[in-house]
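Letter by letter, the chains look like this.
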Amino acid sequence: MPVLELSNISKHFGAIHAVNDVSLSIEPGEVVGLMGDNGAGKSTLVKMIAGNYQPTSGSMKLDGKEVVLHRPVEARRHGIEIVHQDLALCNNLTAAANVFLGREMRFGFGPFSVLDYQGMYKRAGELFRDLKSETRPRDLIKQMSGGQRQAVAIARTMLSNAKVVLMDEPTAAISVRQVAEVLTHIKHLRDQGVAIVLISHRMPDVFSVGDRVIVLRRGRKVADKRIAQSSPEEVTGLITGAIEQV
Amino acid sequence: MALTLDETIAKQGTTWSSRLLSSQVFWVFIAIVIACIFLAIKQPVFLGQQNLYNITRNFTFTAIIALGMTFVIITGGIDLSVGSVLCLCSMVIATTMHAGAPLYVGVSAALAAGLAVGLFNGVLIAYLGFPSFVVTLGMLSAARSFAMIASNNQTVFQFGPDHDKLLKLGGGAINILGAQLSLPVVYTLVLAAITGFLLRWTKFGRHVFAIGGNEHAATLAGIPVRPIKVVVFMISSLTAAIAGIVETGWLGAVTTNIGAGMELQVIAAAVIGGASLIGGAGTAIGALVGAALIEIIRNSLGLLGINPFWQGTVIGLAIVVAVAFERVRQLRLRD
Chain A
-11 MPVLELSNIS KHFGAIHAVN DVSLSIEPGE VVGLMGDNGA GKSTLVKMIA
39 GNYQPTSGSM KLDGKEVVLH RPVEARRHGI EIVHQDLALC NNLTAAANVF
89 LGREMRFGFG PFSVLDYQGM YKRAGELFRD LKSETRPRDL IKQMSGGQRQ
139 AVAIARTMLS NAKVVLMDEP TAAISVRQVA EVLTHIKHLR DQGVAIVLIS
189 HRMPDVFSVG DRVIVLRRGR KVADKRIAQS SPEEVTGLIT GAIEQV
Chain B
2 MALTLDETIA KQGTTWSSRL LSSQVFWVFI AIVIACIFLA IKQPVFLGQQ
52 NLYNITRNFT FTAIIALGMT FVIITGGIDL SVGSVLCLCS MVIATTMHAG
102 APLYVGVSAA LAAGLAVGLF NGVLIAYLGF PSFVVTLGML SAARSFAMIA
152 SNNQTVFQFG PDHDKLLKLG GGAINILGAQ LSLPVVYTLV LAAITGFLLR
202 WTKFGRHVFA IGGNEHAATL AGIPVRPIKV VVFMISSLTA AIAGIVETGW
252 LGAVTTNIGA GMELQVIAAA VIGGASLIGG AGTAIGALVG AALIEIIRNS
302 LGLLGINPFW QGTVIGLAIV VAVAFERVRQ LRLRD
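Residue numbers (this note's numbering), protein chains in the order written: chain A, -11 to 234; chain B, 2 to 336.
In case anyone wonders, no lab produced these hints; they're calculated from the structure. Note that beta-carbon positions come from the ideal geometry of N, C-alpha and C, so glycine has one too. Among the clues, some could well be false.
Quick list of in silico lysine-lysine cross-link-like pairs, DSS-like style, CA-CA up to 27 Å [said to hold, decoys possible]:
(1) K130(A) - K43(B)
(2) K120(A) - K151(A)
(3) K204(B) - K110(A)
Here are the simulated distance ranges between beta carbons [to be verified]:
(4) G98(A) - G306(B): 15 to 23 Å
(5) Q180(A) - L178(B): 52 to 60 Å
(6) P99(A) - L120(B): 31 to 39 Å
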């Protein structure tokens, strides 16, 4: 059964049809590359999945049950996590503090509870180990490399047993070596049964970790193919419009 | 030699001593100790009871507000209104008690006035998006004006039936293990302990730091950014109100120029103690140490017979040196 299923989703901003009648489904443990030129509707689509926007029409199912998400917190509650392009980390805090930002572990109860530093360091350390990352829970974000920061942002999505992780250009602004590191993290996340939507401009990334590629052009889905049956040339053609649809 | 992942994770980069040596607060503290030793040798009067009494008095009022200011500065804001809020709250307690109200009513009224000012500042800043500099600059002007209206710009020195209680609240002392400790010092230490606890051990404190580090990230993480910003401005005004109450009791008289220019001294104390004006850093102990250094500088220049006009220069120098220290550390960190 697909973990995420969109049926005929559309989003109109006035006369602009940002996303037009898109349907797709993703299985657990599947990595789907979402590609398209600027303005193709990728981020609008992702923002609907993440609860930032409500679709104008169409429906969304999680684990076979229909859901309507009004706010990002609701999406998170349903097991949808997002890794933002700018990572959204606090440079002045430790890796562990960032992983637990907004859902800190505490002792005690109610207003008399205190932060559980040891518990958070330990759990964050376990998550980094699962990702095979050398990130240390006590290090400050400002002391870290781009790849380690990505690991922190990804570890954050693993806190709550996420079902779907949306990643917005995770390899856009980091060095080649770190890209390899991030792709490894994505594979580890996938191995734990998480469905991943990878928004990327970088063809090699999608072709190295993706199982499937979905191409959007001017708000419409023009391709939804297994990676093995496609090629970078074909996807480029689909993105630019040289190939109409497959 | 290659370390395994577990070993790397276990080898936590910074040790206790290296963290201490790289902390601004520690070096400011060392500077204070050196200054004190130097003064004690050079001018034995320095350790005289009257002088220590003066130092602690001036130190506590700055320190109490610096504690509240630290919350605001950590979120990346600034509160310029504290000096005027101190004046307003002093006038509120003075005039209500002068009119015959008992101590607890006067104290409650002053605290309520402080909280109301903080709420107003906070709502304008957090919900209407005004820069904190502008809102609190306006309040700096308005709050002192309210104090003048409330008192008709008269000095108040009679505090009704609970007059003596108020003087005792601000000027009293308690005996702890044989040492006389003036009450304002006790209040300062208690407030510092509360501040330290809130910042280090609570979810609220963690979120205050997160907002200062990256407000956008804090919002995305589901942290209630706007309510927290309102609360930090209320804390700042509340500490100004507490300082106002204590100072009123200590002085035994209130005029409308009490606390004038104090905001800058408070901000200087917080910054010398390691709070960062771009947000994201600051500690309770830093606020205390910063306030202490400023007071020691002022006091020592006087004792050494140096023209008091130099005080501003030396305090200004201390601010810049303290921050330069932090800059050097950050540059080294980047390499």
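Hints versus structure:
no. : hint                          : verdict
1   : K130(A) - K43(B)              : 45 Å, violated
2   : K120(A) - K151(A)             : 20 Å, holds
3   : K204(B) - K110(A)             : 18 Å, holds
4   : G98(A) - G306(B): 15 to 23 Å  : 57 Å, violated
5   : Q180(A) - L178(B): 52 to 60 Å : 58 Å, holds
6   : P99(A) - L120(B): 31 to 39 Å  : 20 Å, violated
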